[in-house]
Amino acid sequence: MRFKSQRVAYYYFVVAVLLYALQIALGLLSAAKYLGPDPLLHILPFDKTKEIHTNLLIVWVLTGFMGAAYYVVPEESRTEIYSEKLAYGQLIAWTLMGLTTVTGYVFGWTAGNKLLEQPFPMKLVIVVVMLAFLFNIGMTIRKAGRWTTTEGVLVAGLVSAALLYLPALIDFDNYTVGVFYRWWTVHLWVEGVWELIQGGLLAFLLIRLSGADREVMEKWLYVIVGLTFISGILGTAHHYYWIGVPKYWVAFGGFFSALEPLSFFGMAVYAYSALRRSGLSHPNRLALHWTIGSAVYSALGAGILGLAHTWPAVNKWTHGTLITAMHGHMAFFGAYVMIVLAMITYAMPGLIGRDEEKSSALGMWAFWLQVFGMFGMTMAFATAGIVQTYLEHIMSIGYLDTQHKLAVHFIMLIATGSLFAVGVLLFLLDFFFVMVSPRAGVRTTAREGAAPWSPAAAAEAGK
Amino acid sequence: MTKRQTRLFFLGSTLLFAVIFIGLTLDTHRQITALTHAEQLTPEVLAGKRVWHEKNCTNCHTLLGEGAYYAPDLTKIADQRGAAYLSQFLKNPSTFYSEEKDRRLMPNLNLGDEQIRQLIAFLTWVSHIDTDGWPPRPLLVSGTFPGARTVRAGQEAVSNDPVALGEALFRQSPPACSGCHSTAEGVQLVGPSLAGIATRAAERLKDPAYRGQAKTAEEYIRESILAPSLFVVPGATFAAAGRSFMPDNFDRLLQANQIDQLVAYLMTLK
Ligand code: HEM
Ligand code: HEM
Ligand SMILES: [Fe+2]
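Residue numbers (this note's numbering), protein chains in the order written: chain S, 1 to 463; chain U, 1001 to 1270.
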């Protein structure tokens, strides 16, 4: 940590990981309800646990993005944050908004629109907080009078994310029009502007973890995010096949969304080639793992599993089944959860004022349990989704009868989900207790007697 | 390639595709009224849409295939079930389902009569949206047809045989007969099993409670389809206030020869 004000990031990360734990608890609860019967049916039915689960996800990932930006922007622009006070105030308002919103859901205060359930007043708070955040970031860069491509891409992603939230404020009379614009937010976020955020953070981490040449990295970053928009903007139409809009969207959606995996594969190659030069020599092995993990898992979850059901002839049968949940979980985890956790594990040693870059065994367990847990969950959703597609959508067997046959897959979902949850728990333990303590459980992973690590030395070694 | 060139690539392609996307969006607005029958968006339909959102239906159900996967898709439900059944269901879902039997139960959302009417109007409007043939085969809430002859739902009948045509129609949606009637012995869905209906129809005519005009089994089946409430099969969950939960609009929905085919098919279930 080079600038004092970067420490605000720590508090953003605290909020993020706490909400993450809560999100997972509600995910497990929702999965248990699939099996039924549900003792909480009349107190906290599925619709509420599920909307809290997904909304907490969005809130904490955005909290992580903002924290990451407060860490990255000062470092890239080489200046203190414009207003630390504003950054803290904004975090408090944001956290209160998040907690009020999910508490409201328990009592049925909801806009009932998938992923955009926030009631209108809460949506306004979100817009105001985002504006305050962008103002603070903008003024920081302006004050410094200098910005890098890496942070530029990151900030462009954040600005566009805020802009694309605006259609969510409008209530359309025609349900189809409402669905049409819901995707301007949801799709253009995860398959558009959030990829700028992921790409920016990935470049930042790779440059620091591998010592790769900045000019080269930033050049390719432009290519990756260029591919994102070439495919992702018209790719929105893979959500327009069956909703009552003109038929030409089927052709556009099929063609361009099939190109979307390119930018995710691009990121995987990007990470691979950066790290091939320096190897895994950076002492913060945990951050390295999360960073590579994000590049690999987003290529699998978004790239391969997205491609699996994006073609109209396939989507016709899988649309509206658990196949969507299969893809949604691995893609979201790979692209956005893992990149935020990578930023957190990378920044933590500096944020808590420790010089040595260390990663604990506990942190590694947290990583592998989440990776394998998510793999298992994806398999459980996939097998359930395939059976559901076949029985319900192809054979026209009743929905409820089909769900009976899925019980074994739901048990597998809960089992692997529990494994995943243990991983999250360990991450929290590591974050709150082990990373900050100078002794217990911490071992340095740098080789004994090796010279202190530096990007320049690593680049040298890689030659 | 230099960094300047790749930046130009990024900015240029983003701009180009954003412009195409917005152009297509404008054209979509031009066409959407026709594709969604927007002229039928009455105040009642709009009120129903508000109830749909307020009550968070989308976080259990899918509609147009979007939402959550805990409960059945409702895109065509209005077509499949009709207002009489849906009103009773929405008033109290446990009339028809139980957690013991079905593992899942829709909680009673305490909807008022007015809200139920509005929701049904909304779901009816949705069922008429031009979804380009989705779902490709009927999505049913329940029913497995064990032992029924295996004509796949939605498949075109290959012959001109009225019985085969009738069976294919029976499994299509609309009219979605198979969503409410199993042809397996003793399997009750929303309506009674139609196994052996040809034989049973003859007995119904002798029932002292029978008030209809049919004289033969064939006429009875035809009458059951066209005027379900004329004679209501005894059963706790088949009707409310003497009005059958079977839709009463098949005379408008189906052509005369289609009714003939259905009757011909049902007459083979002895
Ligand atoms: C990190 C990137 C991605 C994330 C986080 C993500 C996440 C999601 C989520 C959460 C949904 C469900 C949305 C809803 O119903 O509201 C969804 C749907 C979908 N995604 Fe992705 N996705 C990503 C990338 C991709 C890519 C690259 C493709 C195609 C190659 C793709 C194809 C699809 C399709 C076709 C659906 C619709 C499924 C249906 O018909 O029900 N996704 N995605
Ligand atoms: C213990 C772990 C988890 C379990 C058991 C779990 C379970 C569930 C369940 C049951 C649903 C509802 C699906 C439906 O609509 O019927 C759901 C939705 C969702 N969850 Fe999770 N979840 C877990 C972790 C996560 C994580 C880590 C993420 C983010 C990376 C995530 C992201 C999502 C998303 C995006 C949806 C909406 C998906 C869609 O509608 O297609 N979940 N989850
Ligand atoms: Fe998408």
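Honestly, the hints are just simulated from the structure, not real lab data.
A portion of the hints provided could be inaccurate.
[As the list claims (entries may be wrong)] Derived DSS-like pairs (lysine-lysine); straight-line CA-CA distance at most 30 Å:
no.: 1; chain 1: S; residue 1: Lys143; chain 2: S; residue 2: Lys4
no.: 2; chain 1: U; residue 1: Lys1206; chain 2: U; residue 2: Lys1101
no.: 3; chain 1: U; residue 1: Lys1003; chain 2: U; residue 2: Lys1055
no.: 4; chain 1: S; residue 1: Lys114; chain 2: S; residue 2: Lys85
no.: 5; chain 1: S; residue 1: Lys405; chain 2: S; residue 2: Lys4
no.: 6; chain 1: U; residue 1: Lys1270; chain 2: U; residue 2: Lys1215
no.: 7; chain 1: U; residue 1: Lys1091; chain 2: S; residue 2: Lys219
no.: 8; chain 1: S; residue 1: Lys219; chain 2: S; residue 2: Lys143
no.: 9; chain 1: S; residue 1: Lys143; chain 2: S; residue 2: Lys85
no.: 10; chain 1: U; residue 1: Lys1101; chain 2: S; residue 2: Lys405
no.: 11; chain 1: U; residue 1: Lys1101; chain 2: U; residue 2: Lys1091
no.: 12; chain 1: U; residue 1: Lys1206; chain 2: U; residue 2: Lys1270
no.: 13; chain 1: S; residue 1: Lys123; chain 2: U; residue 2: Lys1003
no.: 14; chain 1: S; residue 1: Lys247; chain 2: S; residue 2: Lys114
no.: 15; chain 1: U; residue 1: Lys1055; chain 2: S; residue 2: Lys405
no.: 16; chain 1: U; residue 1: Lys1101; chain 2: U; residue 2: Lys1055
no.: 17; chain 1: S; residue 1: Lys316; chain 2: S; residue 2: Lys219
no.: 18; chain 1: S; residue 1: Lys114; chain 2: U; residue 2: Lys1215
no.: 19; chain 1: S; residue 1: Lys143; chain 2: U; residue 2: Lys1003
no.: 20; chain 1: S; residue 1: Lys316; chain 2: S; residue 2: Lys114
no.: 21; chain 1: S; residue 1: Lys316; chain 2: S; residue 2: Lys247
no.: 22; chain 1: S; residue 1: Lys316; chain 2: U; residue 2: Lys1270
no.: 23; chain 1: S; residue 1: Lys114; chain 2: S; residue 2: Lys4
no.: 24; chain 1: U; residue 1: Lys1055; chain 2: S; residue 2: Lys114
no.: 25; chain 1: U; residue 1: Lys1206; chain 2: S; residue 2: Lys405
[As the list claims (entries may be wrong)] Some chain U residues well away from chain S (every beta-carbon gap over 10 Å; in silico):
no.: 26; residue: Leu1064
no.: 27; residue: Glu1099
no.: 28; residue: Ser1178
no.: 29; residue: Ala1195
no.: 30; residue: Leu1205
no.: 31; residue: Ile1225
no.: 32; residue: Val1233
no.: 33; residue: Leu1269
From the three backbone atoms N, C-alpha and C, an ideal C-beta is built for every residue, glycine too.
Hint by hint, here is what the structure shows:
1. S/Lys143 <-> S/Lys4: holds, 16 Å
2. U/Lys1206 <-> U/Lys1101: violated, 34 Å
3. U/Lys1003 <-> U/Lys1055: violated, 52 Å
4. S/Lys114 <-> S/Lys85: At roughly 34 Å apart (the allowed maximum being 30 Å), S/Lys85 and S/Lys114 break the hint.
5. S/Lys405 <-> S/Lys4: violated, 57 Å
6. U/Lys1270 <-> U/Lys1215: Holds, because 18 Å separates the two Cα atoms, which is no more than 30 Å.
7. U/Lys1091 <-> S/Lys219: Given pair U/Lys1091, S/Lys219 is violated - Cα atoms ~61 Å apart, limit 30 Å.
8. S/Lys219 <-> S/Lys143: holds, 25 Å
9. S/Lys143 <-> S/Lys85: Holds. S/Lys143 to S/Lys85 sits at ~16 Å (cutoff 30 Å).
10. U/Lys1101 <-> S/Lys405: holds, 14 Å
11. U/Lys1101 <-> U/Lys1091: holds, 20 Å
12. U/Lys1206 <-> U/Lys1270: Given pair U/Lys1206, U/Lys1270 holds - Cα atoms ~17 Å apart, limit 30 Å.
13. S/Lys123 <-> U/Lys1003: Judged against 30 Å, a Cα distance of about 38 Å means the pair is violated.
14. S/Lys247 <-> S/Lys114: holds, 24 Å
15. U/Lys1055 <-> S/Lys405: OK: U/Lys1055 and S/Lys405 at ~29 Å, within 30 Å.
16. U/Lys1101 <-> U/Lys1055: holds, 25 Å
17. S/Lys316 <-> S/Lys219: violated, 39 Å
18. S/Lys114 <-> U/Lys1215: violated, 54 Å
19. S/Lys143 <-> U/Lys1003: Distance of about 25 Å is within 30 Å: holds.
20. S/Lys316 <-> S/Lys114: At roughly 20 Å apart (the allowed maximum being 30 Å), S/Lys114 and S/Lys316 satisfy the hint.
21. S/Lys316 <-> S/Lys247: holds, 14 Å
22. S/Lys316 <-> U/Lys1270: The given pair, whose Cα atoms are some 37 Å apart, is violated under the 30 Å limit.
23. S/Lys114 <-> S/Lys4: violated, 40 Å
24. U/Lys1055 <-> S/Lys114: holds, 12 Å
25. U/Lys1206 <-> S/Lys405: Cα-Cα ~42 Å, so violated.
26. Leu1064: Per Cβ check, U/Leu1064 is inside 10 Å of chain S; nearest 5 Å; violated.
27. Glu1099: Violated, since 4 Å does not exceed 10 Å.
28. Ser1178: violated, 8 Å
29. Ala1195: Consistent with the label, U/Ala1195 stays out of reach of chain S, its closest Cβ about 17 Å off (over 10 Å).
30. Leu1205: holds, 32 Å
31. Ile1225: holds, 21 Å
32. Val1233: holds, 21 Å
33. Leu1269: Given a closest Cβ separation of 19 Å, the condition holds.
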